[in-house]
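Student: Construct the entire structure; sequences and hints are all you get.
Chains as they are written, first to last, in our numbering: chain A, 1371 to 1493; chain B, 1371 to 1493.
Incorrect hints may have been included.
Just so you know, same-sequence chains aren't split out, so a pair can sit in one copy or run between any two.
What the hints assert, rightly or not - In the DMTMM-like style, the derived pairs of lysine to aspartate or glutamate whose C-alpha atoms are separated by at most 20 Å in a straight line are:
| # | residue 1 | residue 2 |
| --- | --- | --- |
| 1 | 1376 | 1446 |
| 2 | 1422 | 1392 |
| 3 | 1437 | 1406 |
| 4 | 1376 | 1435 |
| 5 | 1437 | 1462 |
| 6 | 1422 | 1482 |
| 7 | 1437 | 1473 |
| 8 | 1422 | 1444 |
| 9 | 1376 | 1429 |
| 10 | 1376 | 1473 |
| 11 | 1437 | 1392 |
| 12 | 1376 | 1482 |
| 13 | 1422 | 1402 |
| 14 | 1437 | 1375 |
| 15 | 1376 | 1392 |
In case anyone wonders, no lab produced these hints; they're calculated from the structure.
2 protein chains.
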Amino acid sequence: MLNFEKAGGLVSAIAQDAATGEVLMIAWMNAEAFDETVRTRRAVYFSRSRNKLWRKGEESGNVQEVKEIFIDCDADAVLLKVHQLGGAACHEGYKSCFFRRLDAAGLSTVGERVFDPAVVYKK
Amino acid sequence: MLNFEKAGGLVSAIAQDAATGEVLMIAWMNAEAFDETVRTRRAVYFSRSRNKLWRKGEESGNVQEVKEIFIDCDADAVLLKVHQLGGAACHEGYKSCFFRRLDAAGLSTVGERVFDPAVVYKK
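Tutor: In structure tokens, the structure reads:
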């Protein structure tokens, strides 16, 4: 169903807020992450930096309930429409990871900060 | 501003309909593609299969006018809010490349077909 060969066993995965349409984040999935996402209806990604499955929300509690799953024309990207528990997808505490906008004057933070990562991750 | 090192000189680029919020496609950008996108306000990607810049719409005329540019927390992904000329982003003639939905019964085509690729690309 998906072509995992084009990017070394991975496909791109976009999470979009099912209610508002806001694009929340982009990450990667291997076959195991995709299968678990489909089966459990919770978003599971593959962390390239940690080289293992990343069950979104396993630390913060901010899991993503998967409402719909779409696959693109090339079968190398997945779009998840999700309900983001806790209201923030970004580990920096913003609703969306795309919280910075590039304008003529440069980058500015336009996203809404929902939580303080120092409190949530207790690191 | 962007980290092109994490994926061999490339970052992910998502195009989203600026008016409706529909996710249209995902592709790649190298530094040159990103710079030209910012400068011209038209989406320019990097085609891995053709190993060159891909000025979206150069064949079909369906260019993407860039309304807003966002950068993610890791600085390895770009989100473009665009106006898609011709109404279809997908080379298969659909509004969005994510025109197939995975349900319990399998994949089904749910996207709207805007043009016939055999006519537009004349191949």
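Student: Against this structure, judge whether each hint is valid.
Tutor: Here is what the structure says about each hint:
Both within a single protomer and between protomers do residue 1376 and residue 1446 lie at most 20 Å apart by alpha-carbon distance, with minima of 7 Å and 19 Å respectively. With identical chains, the CA atoms of residue 1422 and residue 1392 are never at most 20 Å apart, being 27 Å at best within one copy and 30 Å at best between copies. For a Cα distance limit of 20 Å, the shortest separation of residue 1437 from residue 1406 inside one copy, 14 Å, qualifies, whereas the shortest one across copies, 36 Å, does not. For the identical chains of this complex, residue 1376 and residue 1435 are neighbours neither inside a copy (27 Å) nor across copies (28 Å), given an alpha-carbon limit of 20 Å.
Proximity of residue 1437 and residue 1462 under a CA criterion of 20 Å is satisfied in neither setting, with 24 Å inside one chain copy and 25 Å between copies. Taking the shortest Cα distances, residue 1422 and residue 1482 never come within 20 Å of each other, neither inside one copy (29 Å) nor across copies (37 Å). Taking the shortest Cα distances, residue 1437 and residue 1473 sit within 20 Å of each other only across copies (10 Å), while inside one copy they are farther apart (33 Å). Taking the closest pair of Cα atoms, residue 1422 and residue 1444 come within 20 Å of each other only across two copies (18 Å); inside a single copy the shortest separation is 25 Å, beyond that limit.
In the homo-oligomer, the alpha carbons of residue 1376 and residue 1429 never lie at most 20 Å apart, since the shortest distance is 30 Å inside one protomer and 24 Å across protomers. In this homomeric assembly, residue 1376 and residue 1473 never come within 20 Å of each other (Cα to Cα): the closest approach is 33 Å inside a single copy and 24 Å across copies. Proximity of residue 1437 to residue 1392 under the C-alpha cut-off of 20 Å is found in both arrangements, the shortest distances being 14 Å within a copy and 15 Å between copies. When the C-alpha separation of residue 1376 and residue 1482 is checked against a cutoff of 20 Å, the pair qualifies neither within a copy, at 35 Å, nor between copies, at 27 Å.
Taking identical chains as interchangeable, the C-alpha atoms of residue 1422 and residue 1402 lie at most 20 Å apart only when both belong to the same chain, with a minimum of 10 Å there against 32 Å between chains. Taking the shortest alpha-carbon separations for residue 1437 and residue 1375, neither the intra-copy value of 26 Å nor the inter-copy value of 33 Å comes in at or below 20 Å. For the identical chains of this complex, residue 1376 and residue 1392 are neighbours neither inside a copy (27 Å) nor across copies (25 Å), given an alpha-carbon limit of 20 Å.
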